[in-house]
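K.L.:
Here is how the chains run, residue by residue.
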Amino acid sequence: MSLARLRGLDRSLPVWVAAALALVVLMALPIGWIASLSVGGDAGPTFAHYRRVFADPALQKALWNTIVLAFWVGLASIAIGAPLAWLTARTDVPGRGLIRGLVMASFVTPPFLGAFAWVMLAGPNAGLVNKLWRSVAGGDEPLFNIFSMSGLVFVVTIYTFPYVYIMIANTLALIASDLEEAASILGAGRLTVARTVTLPMAAPALVSGFILSVLQALALFGSPAILSLPAGFHTITTQIWTFFQFPPKTEMAAAFSMPLLLATALLLLVQKRLLGRRGYAAVGGKGGQRRTIPLGRWRWPALAAVLAVMACPIFLPYAVLTKAALSRAWAQPLSWDNLTLANFSFTFFEYSATQAAILNTLELGVMTACVGAGLVVLLSYVTSRRLVIGHQLVAFLALAPVVIPGVVLAVGLFIAYTRPPLLLYGTLWILFIAYLTKEMPVGYAQTDATFKAIPADLEDAGRILGGGRLRVLRDITAPLARSGVIAAWCFIFIGVIRELSASIILFTPATKVMSVVIFDLKEEGQFGAIAVLGLVMLAMTFATVALVQRVLGRDFLGARE
Amino acid sequence: MKTWSALVGLLALIASAVVPAAAQDARVEAAKKEGKVVWYTSLALPTAEKIGKLFEAAYPGIKVEVHRTGSQRILQRVMQELQANLKLVDVIHTSDAGHFVLLKEKKLLMKYTPAGVDAFPAGFKDKDGYYFTLRATVNVIAYNTKLVPAAEAPKGWKDLLDPKWRGKMVTAHPGYSGVIATHVLALTQLYGWDYFKQLAQNKLMLVQSAVDPAGVVASGERQVAVDGGDYYYYQMKKKGNPIEVVYPKEGVPLVISPTAIASFAPHPNAAKLFTDFTFSRELQQVMADSEGLYTGHPEVKYPSDKPKLSDLKLLTVDPEELEKRNEEIKSKFVEFFGA
Numbered sequence: 001m002s003l004a005r006l007r008g009l010d011r012s013l014p015v016w017v018a019a020a021l022a023l024v025v026l027m028a029l030p031i032g033w034i035a036s037l038s039v040g041g042d043a044g045p046t047f048a049h050y051r052r053v054f055a056d057p058a059l060q061k062a063l064w065n066t067i068v069l070a071f072w073v074g075l076a077s078i079a080i081g082a083p084l085a086w087l088t089a090r091t092d093v094p095g096r097g098l099i100r101g102l103v104m105a106s107f108v109t110p111p112f113l114g115a116f117a118w119v120m121l122a123g124p125n126a127g128l129v130n131k132l133w134r135s136v137a138g139g140d141e142p143l144f145n146i147f148s149m150s151g152l153v154f155v156v157t158i159y160t161f162p163y164v165y166i167m168i169a170n171t172l173a174l175i176a177s178d179l180e181e182a183a184s185i186l187g188a189g190r191l192t193v194a195r196t197v198t199l200p201m202a203a204p205a206l207v208s209g210f211i212l213s214v215l216q217a218l219a220l221f222g223s224p225a226i227l228s229l230p231a232g233f234h235t236i237t238t239q240i241w242t243f244f245q246f247p248p249k250t251e252m253a254a255a256f257s258m259p260l261l262l263a264t265a266l267l268l269l270v271q272k273r274l275l276g277r278r279g280y281a282a283v284g285g286k287g288g289q290r291r292t293i294p295l296g297r298w299r300w301p302a303l304a305a306v307l308a309v310m311a312c313p314i315f316l317p318y319a320v321l322t323k324a325a326l327s328r329a330w331a332q333p334l335s336w337d338n339l340t341l342a343n344f345s346f347t348f349f350e351y352s353a354t355q356a357a358i359l360n361t362l363e364l365g366v367m368t369a370c371v372g373a374g375l376v377v378l379l380s381y382v383t384s385r386r387l388v389i390g391h392q393l394v395a396f397l398a399l400a401p402v403v404i405p406g407v408v409l410a411v412g413l414f415i416a417y418t419r420p421p422l423l424l425y426g427t428l429w430i431l432f433i434a435y436l437t438k439e440m441p442v443g444y445a446q447t448d449a450t451f452k453a454i455p456a457d458l459e460d461a462g463r464i465l466g467g468g469r470l471r472v473l474r475d476i477t478a479p480l481a482r483s484g485v486i487a488a489w490c491f492i493f494i495g496v497i498r499e500l501s502a503s504i505i506l507f508t509p510a511t512k513v514m515s516v517v518i519f520d521l522k523e524e525g526q527f528g529a530i531a532v533l534g535l536v537m538l539a540m541t542f543a544t545v546a547l548v549q550r551v552l553g554r555d556f557l558g559a560r561e
Numbered sequence: 562m563k564t565w566s567a568l569v570g571l572l573a574l575i576a577s578a579v580v581p582a583a584a585q586d587a588r589v590e591a592a593k594k595e596g597k598v599v600w601y602t603s604l605a606l607p608t609a610e611k612i613g614k615l616f617e618a619a620y621p622g623i624k625v626e627v628h629r630t631g632s633q634r635i636l637q638r639v640m641q642e643l644q645a646n647l648k649l650v651d652v653i654h655t656s657d658a659g660h661f662v663l664l665k666e667k668k669l670l671m672k673y674t675p676a677g678v679d680a681f682p683a684g685f686k687d688k689d690g691y692y693f694t695l696r697a698t699v700n701v702i703a704y705n706t707k708l709v710p711a712a713e714a715p716k717g718w719k720d721l722l723d724p725k726w727r728g729k730m731v732t733a734h735p736g737y738s739g740v741i742a743t744h745v746l747a748l749t750q751l752y753g754w755d756y757f758k759q760l761a762q763n764k765l766m767l768v769q770s771a772v773d774p775a776g777v778v779a780s781g782e783r784q785v786a787v788d789g790g791d792y793y794y795y796q797m798k799k800k801g802n803p804i805e806v807v808y809p810k811e812g813v814p815l816v817i818s819p820t821a822i823a824s825f826a827p828h829p830n831a832a833k834l835f836t837d838f839t840f841s842r843e844l845q846q847v848m849a850d851s852e853g854l855y856t857g858h859p860e861v862k863y864p865s866d867k868p869k870l871s872d873l874k875l876l877t878v879d880p881e882e883l884e885k886r887n888e889e890i891k892s893k894f895v896e897f898f899g900a
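As given, the protein sequences belong to chains A and B, one line each in that order.
Be aware that the first sequence starts at 1, since it is given in the working numbering, and climbs by one per residue.
Be aware that the second sequence starts at 562, since it is given in the working numbering, and climbs by one per residue.
Each hint should be verified, as a subset may be incorrect.
[To be verified] Calculated Cβ distances over 10 angstroms to all of chain B for the following chain A residues: (1) P94; (2) A126; (3) L229; (4) G232; (5) P421; (6) L423.
[As the list claims (entries may be wrong)] Facing chain A, from chain B, some residues (calculated, C-beta under 8 angstroms): (7) L643; (8) G736; (9) S824; (10) L875; (11) T877.
Quick caveat, the hints were computed from the structure, so don't treat them as lab data.
Beta carbons are placed, not taken as given, at the ideal position from N, Cα and C, and that holds for glycine.
With the hints as constraints, model all of the structure from the sequences given.
P.N.:
Written as C-alpha cells, this is what we have:
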C-alpha cells in the first residue's frame, strides 16, 4: 500500500466511521429502549409485562389473528404473484409491458388507501360490488364481506403480491431454457416440465417471496385498522396502537412488540439462508437462451384473466376513489344531482389540516430522501469497497431496520425521544428519524447493487492519479452511480409519503402528515375528503414513479423498456 | 355562501359589543400579538371548521388551528404531549365530561369564566369555574328509512336486542368518542352491563366516531345505529339522506361537552377571546340552527323540526363517575364487542 493511498484513506476515514456510527445510533436507540422498558419495573428487571401480555386472552387472540393473516397473505401472494411472473417472464402473453406497469402500480399504492376503497366496494351491504351482485343474483347475501379475516387477507394480498412477482420474475429470467428443453426432448409434457424442472429451480424464490409477503402482512397497520376493527378483532399492530390510549401502557406496548420483532428477524434469517445457499447452479448461469413459451389460442384469455386480477388492486379502487371524490353520497349512483366538487373545496379550502399536512409530507419526503440517499450512498460505498473494519456489520445494520415493523419502531422512538437529552417528540425530526430508519434498507439495497456493478478499477485509476477517496467518489463513482442513487431517492420518497404505521404514534397536531390526516378522517367517516386526499397522494406517487422511469430508462421492477 | 358572509359581518359587529369597547380592544390587541389559538375539539369536523372560520372572520389576524379528533384521543394527545413537556394546546373541548374532572384535578386547567355563562343551567357549569359546557347532544337510535319501514323500526333501547337486527346494526366506540362513553355509562346505569353483553350478540359493526354511524346508516351499510349524537343525524337528514331519528321513551343519554382553557396555554389571550366567542348568543344560536346542537344559553331558539331538550326524558351521568369508570367502560366494551 503506497503512502499516498494511506493518507487518502486517513482523511476520508472519519466520514465512513461517522456514517456507520449514525447507523448504529439510529438502530440501537429505539430497540434498546423497547427491550429495556419491556422488562423495566419499579424494583428492578421483571417479566411481569410479558406475563400480563401473554396471559391476556384478548391479546392472545390478536397474536393468533396476526399469524392467520400473515400465513394466508403469504400463500395468496404466491398464488397471484407466481403465475403473473411466469406469464410476463416466459410466455408471449400480449401486453407484458402493461402488466408490469400494473403490478408496479399496485406495488406503490398505499395499502390503507386500497383498504379504504375496498370498504366502498365490498362493504357487505352498501359496497358497490355487492350491490351489483345482488341486483344480478338476487337474494340478500353479499358476494363478499370485506369486514372479515378473509376480506383483510384479500386486501393485504392485492398490494403485497408484487413482492413475490419481483422475486419470481427475476429468477425466471435467470433460469436458462435448456434444462426445460432437455426435459421436453426426453418426452416430458409442458406440465411435467413445469413441475419437475422449472418449479424446483424457482423454489427458493417462491419461499423467499412467501416470507417477504408474510413480513409485509405482519407489519401493516392501516389495513387491519380499517377492516378488522369494524369486524371486532385486533391484530398485533392495532393492539400495540391502542396501548397508547390514555392511560398509556407503554411497557405493555414494548412487551407486545417483542414477538413481532423476533418473528420478523427469524423469518429474515430463514430467507437469507435460503437465498444464500448456492445449490442452484443452473439459476444465474449466464449461458443459455430463454425461449418464450407460445400460449397459442390462450394468449388473449390469459391477458383477460390478468386484467381481471389487476382490477382488484388498481381499476376498481381507483375508480371508486374518484367516484367518492366527486359524489355527495358515495353509495349513490353518480347522477347529476349527486355530482359535486364540494369535497375538493372542503378538503382544500375549509379543512384547515390539509395544507399543513401536504407541506409536512412533502418536506419530510424530500428531506428524508435526500439525507437517506446520501447516507445509503456512503454506507454502500463503505461496504462494497470494504473501507472500514467491520463493514459486514455495517451492511447488516443498514438492512436490519427491515425487521422492525413501523409500529414497533415508533414505540421505540417515542420512548427514546420523549425524554432528555433529545426531546424530539413534537417536531418533524422524530418523524424524519423514523422514516430514515424505516426506508434505509430499501435505499441501501438499491445503491449497494449499483456500486457492485461499478468496477473498482476506474476508481483505482483516479486514486493513482492522486485523487483522495472522497474526490474519487465525487468525480468518478458518483456520476456512474447517478441513476442508481436517484432511484434510491425515489424509493425512499415514495416510502415516506405513504407511511402510516409509525406516523400514527409519533405525530402531534403541528406535525400531521397526509397519511395521518386520512386516518383521522377515516375514524370520522368523512369519505369525500379521504378520497380527495387519497387521489392527491396517488398523484404525488405516480409523479415520482414517472421521474424514475425517465431517469433510469427502465421501470421500478427492473425491466428495461 | 351569501348567508355565510352576512352572518360573519353580524358576528363581527356583535363580538365588539359583548365587552366594553376599550377593554375589548386591549384584549384583542393582546390576542392578535399571539396570532393564533390552538383548539383540540371533538366537534364534528365540518362544524368545528365552520366555527374556526367564523372566529377568524370576526377577529382578522387571529388564526384558529382546528385539531379535530375523538374525545378520548384528545385526552391521550394532551397527556402524551405533557409527558414530553410539550405545551401546544390552548382550548380543550371534548364530549367526555369526566376528562375535565381529571384535568382539573391535575391542575391542567385555567380558571376562566366566559362572558355570558352566568345564565346557563347549573349542570352546564363547573362550580369552581374551570370548565363550561359549550354544547350538548343526546344519544339516539337512527335507522335508514329506505331499508326499514317506520312501523318496524326499533322504538326503545331494548328493541335493539331483538335477534332480527343481527348483523344489521352499527355502534360507535367509547374508546374513541366521549359521546359514546357517556352513552354507555348512562345505559349501564339503567340496565346494567348485561344490556351491552346482549347487544353484542347481534354482531354489530364497530366504527369509532359518534358521527360515523350516521354515514354508515345513510349509505345503507347498516340499517340501524344503536347510538350517536342526534345533532349529526339531524344534519345528515337535512342534507337529504334517508335517515330517521328515534328518541327512546326510556330516556336519552344527555352528553354535555365542556370546554376549558389549558393552564399552560401558549396563547392565553387568544384562548379567552375564542372561548368568549364560542359562548356568545350568536354562535350558540348557530350551533342550534345549522348544527342541531343543544346549548345552555337561555336565549337560544331551537329549530321546530327537532324536539326541545325539555320535552325529552334525559338520562344524565355524573362527570366524576364518568372519570372514575372510564377504564372500565372501555375495557368492558372491548370485551363484549371484540375490539
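K.L.:
Which of the numbered hints above does this structure break?
P.N.:
2, 3, 4, 6, 7, 9, 10, 11
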